[in-house]
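Protein chains: 2
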Amino acid sequence: MDIAALRDANPEHWKLATAIRTLAIDAVQAANSGHPGMPMGMADVATVLYRNHLKFDAKAPNWADRDRFVLSAGHGSMLLYALLYLTGYEQATLEEVKNFRQWGARMAGHPEYGHLEGVETTTGPLGQGISTAVGMAIAEKSMKARFGKSVVDHKIWVIAGDGCLMEGISQEAIGLAGKQELDNLIVLWDNNNITIDGRVTVSDKTDQRARFAASGWEVLSCDGHDPADIDRALTEAKKAKGPVLVDCKTIIGFGSPNKADSYSVHGAPLGADEIAATREVYGWNYGPFEIPADVKADWEAIGAKGAAEHAEWAARLDALSASKKAEFERQMSRGVPKKLASAIRAFKKANSEAAPKVATRKASEMVLGAINPVVPETIGGSADLTGSNLTKTSDISDFMPDNRKGRYMRYGIREHAMAAAMNGMYLHGGVRPYGGTFFCFTDYARGAMRLSSLMGVPAVYVMTHDSIGLGEDGPTHQPVEHLAICRATPNTWTFRPADVIETAEAWELALSSESTPSVLALSRQNLPTLRTTHSQKNLSAQGAYVIAEAEGKRQAIIMATGSEVEIALKARDILQGEAIGTRVVSMPCMELFAAQPEAYRRKILPPGAVRVAVEAAIRQPWDRWLLGERGTEKKAAFVGMEGFGASAPADRLYSEFGITAEAVAEKVKALL
Amino acid sequence: MDIAALRDANPEHWKLATAIRTLAIDAVQAANSGHPGMPMGMADVATVLYRNHLKFDAKAPNWADRDRFVLSAGHGSMLLYALLYLTGYEQATLEEVKNFRQWGARMAGHPEYGHLEGVETTTGPLGQGISTAVGMAIAEKSMKARFGKSVVDHKIWVIAGDGCLMEGISQEAIGLAGKQELDNLIVLWDNNNITIDGRVTVSDKTDQRARFAASGWEVLSCDGHDPADIDRALTEAKKAKGPVLVDCKTIIGFGSPNKADSYSVHGAPLGADEIAATREVYGWNYGPFEIPADVKADWEAIGAKGAAEHAEWAARLDALSASKKAEFERQMSRGVPKKLASAIRAFKKANSEAAPKVATRKASEMVLGAINPVVPETIGGSADLTGSNLTKTSDISDFMPDNRKGRYMRYGIREHAMAAAMNGMYLHGGVRPYGGTFFCFTDYARGAMRLSSLMGVPAVYVMTHDSIGLGEDGPTHQPVEHLAICRATPNTWTFRPADVIETAEAWELALSSESTPSVLALSRQNLPTLRTTHSQKNLSAQGAYVIAEAEGKRQAIIMATGSEVEIALKARDILQGEAIGTRVVSMPCMELFAAQPEAYRRKILPPGAVRVAVEAAIRQPWDRWLLGERGTEKKAAFVGMEGFGASAPADRLYSEFGITAEAVAEKVKALL
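Residue numbers (full-length UniProt numbering), protein chains in the order written: chain A, 1 to 672; chain B, 1 to 672.
No lab work stands behind these hints, which were simulated from the structure alone. Backbone N, C-alpha and C define an ideal beta-carbon position, used for all residues, glycine too. Treat the hints loosely; a few may be bogus.
What the hints assert, rightly or not - Below are the SDA-like pairs computed for lysine to any residue, each with C-alpha atoms no more than 20 angstroms apart in a straight line:
| no. | chain 1 | residue 1 | chain 2 | residue 2 |
| --- | --- | --- | --- | --- |
| 1 | A | K205 | B | A550 |
| 2 | B | K634 | A | P597 |
| 3 | B | K205 | A | P597 |
Claimed, not checked - Computed footprint of chain B on chain A; a stretch qualifies when at least three of its residues, placed anywhere within it, have a C-beta under 8 angstroms from a C-beta of chain B:
| no. | region |
| --- | --- |
| 4 | 185-197 |
| 5 | 380-387 |
| 6 | 466-477 |
| 7 | 643-654 |
Please put together the full structure from these sequences, using the hints given.
Here is the structure:
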């Protein structure tokens, strides 16, 4: 490639792109770690995107109608950071660029949502960005349908690498976006034919263009180092009738005389000599981190060009009716409607009286029946288990290309992309996402669920069939370790409600959460209503509470969650029948209980009494409550699972695995 | 569709296929749960496969050179069970068919490996079967290259549904198989256009044929209810030059007059009336579970037809040299070479003397350098992180279409398919698989890793960059909950070795394991050799041991794993300097320690002394060792992580998160 010719053909573009490249090179060199190759390769595409196509206003990073830019190839974080600095995002200072990858840096190793304005989502784990972007595109379509094109009309741009496209989650995202005909989604593929192990062809010969086309995408291509050609492709992409893949043929480490087009430039500093040689190629006679004033000014002009459009948009927003504008702003700011609390209270009151015997998955559907009418920004869905997860209420219709007001996503058998899309919907704003699958199949979605926790996205995971209680489908479908997994994950609320009332309380907490995702672990099997006395207060909010007090001297405390609270209460009946005073503690959310003041924890779990915990899952998370909080090993026991489940009717499984009221009562007596 | 015409056109085939269909219908009805629709739809394809193509001998289910049949759409388990019963597999009795989905059943809800001969792998979680089959196909190619076509020459057949093809893991498997040109892999796609939520088109419009073709597959199609057309396609498939997708157009619930071609027949019994009506359509005047003697005899003849070929094969095996035959049998029976133990001992001796300061990922590479030459059946690999995971030793080359003796897999950025392929390699026999990625990205592989544990497949997961110690890449790459996750999963050994010696011991245990997978959590950062005195004995085998005894009165016990053992030892130095007798316990494998007799556990963790555990991860798994085993809350503390990590150099992170020798020593003193 004749770099000098490129340089001379469009010197203004060249300077803009070179500013990105050299900042990436210098920051990685200073940090002595990072990934220079990708920013060097994609700087031309990014320059054309930001200069000619991306709708943004650097001084208003949270403008609701901005285009979203997602760097799915998150290791190339310096590409994004350089763009944010150059275009004049307030938080993206040169000092921050120099502090790349250091303690407390806004410019972390990979883009971290919440650290730096302009970072739309956390990326780094490959394939997440492109899948999260699908959720953003869905949210844009939904908001546009609900509030009108005058205030919602933007694109979602993604830069994805070969790694993103090889991850399985990408196929789920591609299939979902294709089916949904998301013409607001444009993926710029950094087609440099290099992965960490060498040429892509070492491990793959997929024709990516044909693969995307097979799922209904439009496919374009361009020379990723020719600004005119890039501009042509991006212009065309914006007119497409469906999601677009732009195959950008690039050279990783572009311009590095000895390292370009090789893995060596992917994930390590270039080194002083190669940096000097590369600057020579670029014709860039400036020191590290030095950007000439005219180049910086040109970039800042790019950052400012959206301001006028932003102002026009603001006028259009003002032109909406006051109530519509207020509702738009409420949804974008993610506040929960005030009606939610009263709707939940009314639901609890009615159901504590009616006392239905229903599975908590059914209870969840009933609660959603109260929630969806008063929280118009929910978008529910299921990974092809709608009739099992019971996530669709009768008042909402399918979100489809011809029904963008629909609030129900048919995610297909795509748990991972579902979770990522939920992240994207929330990050976009204006949507409160929930989605379901079998609890066991959180295994398939963990990559994206972890990002919910890390980013502080309060998505709601409706995870039904939460134990061996699902019965005959057997151990592949029976979670035993998954409660421990969710509880081990930081910033996650794991709810396992015991009845319809706790289910309503869990939903209220999950939807009111500002920065913590929730997992609702729900039963397949019917459970009686235990809370037949209405309480205005959300008792689940403290994580655990006394659901049945001991009569007489308190000798034992039985702790349980979900379907095992009924067992605990029956065990209490047995024990009280033998004059053994027994308290039952329902613990729908360990994380919230752990967050209570010590005095509250002590009130619920006073020392002295023997403690037995019962949960149809493995013991690991229970040791704290059995042995800690002033418990002692000699006075503690656990009734639950030690290994995988089995295939048989649920009652038989509970009996064979010894998770019964009788077994719990025996454990208590053995400890006394 | 004119069913009567089909019935009359080929009455012999019709009877065979109808036997499958009615057994599936009857078993699901008797169990009052299960999935009749898929077996009814795919019975014709399965009949032609077993009758004309599948190489098997029902009386020798473990014949090494049999074709493998994988029911990736595992919910259709009765299809497989009916075939095994009809063709005369000894364990697959009619009584077992009648006991479908009951406690203790060999015929579990989904096919469970190890429950019933003829079940080649556990399926049910969608997409796993097709991906596991890729591993089987790789193993076949490897074995064929090493032992010759005279004794290894078979096909891997898969039945996959739309659900399997929508899961992201399927794309990873398709890409890997395409690149590897696995012409021994034939996937029969049950293309019935129905998923649980309705028509496939509700959630997907992917052209599956184009998608497979894009990754280098050959694509064929057939009418899945026309035996002649099926036979034509399968005949053609066997001649292909790469992996083959056969698009079998079928009708779910074929023959059910009111439920065919709808979701209602997917996952629920037909009910007595519909069963009667369906039998009418089939022209099948027999009672539940009743198979006419002539039909059973015809099926048993199909089950016996491979016996001659089996005998010829046995003769060819005998014709190998005695040593080659013995090696073939050893590898197929999965015994570990005797040389392994002495190789590990020699490695330990040399390295306890040399005492290198290396990362445990580097130590792992060094150990593999001793292992790979003496265990010729290992096939290593990495999900595109070879230079980081250090999984490739210099003596092994890439497994490629033109180098089937290669023992190193370039899995690409496909963690999930890598894990599933490892399962398949082991289940096939003749291969001992290990594979690497960053520990954090076990999140992407969990679905298949869980199946390793459930099936008892001793795959070795080489998971490097095991903590915040990886530094600048930040929290998306830093595991904090993953040790808890692995330890919460039944039948998993989670090793976190502290130095090169423990790494060697972990490898020895992992490779010697007969039915438990191992996760090796390995450091990015360098660690000193702590075990500088050679011990013949594998000290890690008991899970935990005293690595440094207290001098003077034992007042404290510090427990640690991996990179934190060094910190524990430094804390001990501080404490001993203040005359506080401190024992340090290295606990490379909690699961193995938990399995020790109480006397051993008590010896390692005697009561009395204060206990502090240090691990750069969340506390959940430690409560047992801190508070249990006669520990007490007042005398226990934990030094580790409470939330996600951050992006900064590793030393800074350890310091900022307070995981230091000084902090540990302070905790001890505060407890005393």
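With the threshold set at 20 angstroms, check whether the alpha-carbon distance from A:K205 to B:A550 stays at or below it. violated, 59 angstroms
Would the hint linking B:K634 and A:P597 be met if the CA-CA limit is 20 angstroms? holds, 18 angstroms
Are the Cα atoms of B:K205 and A:P597 separated by 20 angstroms or less? Status violated; Cα separation ~53 angstroms.
Check whether three or more residues of the region 643-654 of chain A sit with their beta carbon closer than 8 angstroms to a beta carbon of chain B. holds (count 8)
Examine the region 466-477 of chain A for residues whose CB is less than 8 angstroms from any CB of chain B, and state whether their number is three or more. Coverage by chain B holds for the region 466-477 of chain A (7 residues, Cβ < 8 angstroms).
Taking beta carbons only, do three or more residues of the region 185-197 of chain A come closer than 8 angstroms to chain B? holds (count 3)
Annotated coverage of the region 380-387 of chain A by chain B, confirmed only when three residues or more have a Cβ within 8 angstroms: holds (count 5)
The structure fails to meet hints 1 and 3 from the earlier list, while all remaining hints are met.
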